[in-house]
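Letter by letter, the chains look like this.
2 protein chains.
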Amino acid sequence: MDLVDKVQSGSIRGIARTISLIENNSPQKEDIIDELYPHTGNAMVWGITGPPGAGKSTLVDCLIKRERKQGRRVAVIAIDPSSPYSGGAILGDRTRMQKHSTDEGVYIRSMASRGHLGGVSVATGDAVKILDVAGYDTIIIETIGVGQTEVEIIELCDIVLLVLVPGMGDEIQAMKAGVMEIGDIFVINKKDCDGADRLKTEVEYVLGIKNALTGEEPNPVLLASSKLDEGIDELVEAIHDYLKKAQTTGRFEEKRRDRLEKEVYKIFSSKVHELLNIHLDIENNLGEWISSILNGETAPYKLINSKLNRFVKENRII
Amino acid sequence: MDLVDKVQSGSIRGIARTISLIENNSPQKEDIIDELYPHTGNAMVWGITGPPGAGKSTLVDCLIKRERKQGRRVAVIAIDPSSPYSGGAILGDRTRMQKHSTDEGVYIRSMASRGHLGGVSVATGDAVKILDVAGYDTIIIETIGVGQTEVEIIELCDIVLLVLVPGMGDEIQAMKAGVMEIGDIFVINKKDCDGADRLKTEVEYVLGIKNALTGEEPNPVLLASSKLDEGIDELVEAIHDYLKKAQTTGRFEEKRRDRLEKEVYKIFSSKVHELLNIHLDIENNLGEWISSILNGETAPYKLINSKLNRFVKENRII
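In the order they appear, the protein sequences are chains G and L. Each residue of the first sequence is one higher than the last, beginning at 16 in the working numbering. Each residue of the second sequence is one higher than the last, beginning at 16 in the working numbering.
None of these hints come from the bench; they were simulated from the model. It is possible that part of the hints are untrue.
For chains that are exact copies, the list does not tell them apart, and a pair is met inside one copy or across any two.
[What the hints assert, rightly or not] Cut-off 20 angstroms, straight-line C-alpha distance, at most; resulting in silico cross-link-like pairs (EDC-like, lysine to aspartate or glutamate):
#1 Lys-286 / Asp-296
#2 Lys-322 / Asp-49
#3 Lys-286 / Glu-298
#4 Lys-322 / Glu-289
#5 Lys-317 / Glu-45
#6 Lys-277 / Glu-289
#7 Lys-277 / Glu-170
#8 Lys-259 / Glu-289
#9 Lys-260 / Glu-231
#10 Lys-260 / Glu-312
#11 Lys-242 / Glu-268
#12 Lys-270 / Glu-303
#13 Lys-286 / Glu-45
#14 Lys-259 / Asp-209
#15 Lys-281 / Glu-298
Work out the full structure: start from the sequences and follow the hints.
Take a look at the structure:
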């Protein structure tokens, strides 16, 4: 039985191996994804983002529980801040896996936020397709929404939950403002902490301005406590309501089309990079080029433009 | 007087305008950077990274004060988490500028961590060159070291300070582990808080393992309080010691060469993207391509490979 069949039959080992092939940018990758592609589209993809320490992981655990109660199978992709050199994910599936390890309807996988040859967001998008075809109804992507890559990942989702907590500093405020635009539902977690109500009011105020400008309906802002398991039922209801409404208005299909556009563009870019690396043999030539800059023979952009022109003219791209 | 002259004369307006040209990926950009390039290399570039809420900004303020006392001119580039759509930096120079606004020897500039056409790390690298030529002795780059981009930015520096604080959660621990490998000096900020000494011991323990493996000298781990302005003199001394030693051992030159390699490679990549965008006219064609995937006529990788092959064969790249 080949990997595509294994994924379709929902084999855990098949899924794990296929995601690893994606992560390692294996040559088989493209055929596998193309074969799986026509079978995708059934899973709902939820993005959970927010600053570190906002309690996203415990919240995800609460959401898994609710989805399982409704009989839905759940997969989680946790994007981990990772070592730039070792490339491995650090938070790891270890502790989190244990909690749900006896439940066959839950699959949890960490992916490192760095070090993927084809780009992290491409790898995450492909992992979503695999889990979708493998029969998971709800796929949750959890990430810290700070950098460019993290936002790109979150843009893969049908719905985005932004998790905030009261009492964090200036940078958190800035992050909040930065990711505010990508949230569909806003969760004020740790609602028992001082300042939760005030934060809710603030968020509603900012969203009010945004909604007045765009004419969109106000986004739900919900108080919750993932630690005390409070406000979660309301949150899950709001999520499903949002998704149902988006399907009725056509916004859902629109978002999915946008997602595919972004994915195709990204794959395109990463493939061009591969070609460039192979055919210009940058790895072996870069040292020499740098020496010529350091010797004062040339300057950075001048060098790059001349190499690029030669590369194109000699048609050495293929 | 053209922009290059203005930058060389240290004109604040000239600097600001040139950095804006860089950010907007203006056509003049390449010639300006190439002209400035031979005059670069005098400034020391310090990177300050760490989780949000670690007190990096106040620490930077303390460092500015010390450097100014020694008669050095200081420029700060603050990489801000930013809106994916509006593209603007949010923390802003506003409040921070005020503090040093009467001091001509200090220049502070925010750059958004997203939305630069040529890539954030390329833009930051070019901004460093501009500030270097403009006569700033110390250039401080401040960022949250989480994503790929942020790490790339930090890799532009001659020395990297990793700022940590006691009492943060699991994700902070993971981040710490992730960025540990890129720190040269480790600062345990908020040293008056519970757990600061324990965190110092932990960091030293992890570094001990790393140093045992690499055979490198142990990295300094210092307790400080940017809020109380304590431990800062020791920190500044450690920074200058590190830089002096790196210059003696040749590590400094090696790092700068590495930096130039990474920069050239990145510029290369972004230029290839530009070519691709212009000549394949992706913007106008992507919609049609997506429709053919959604109709089931083709699959993502199949489509991309066929377009890429045609693109290359027709030599439409130039």
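When the structure is checked against the list of hints, which entries are broken? Sort them ascending. 8, 10, 11 and 14
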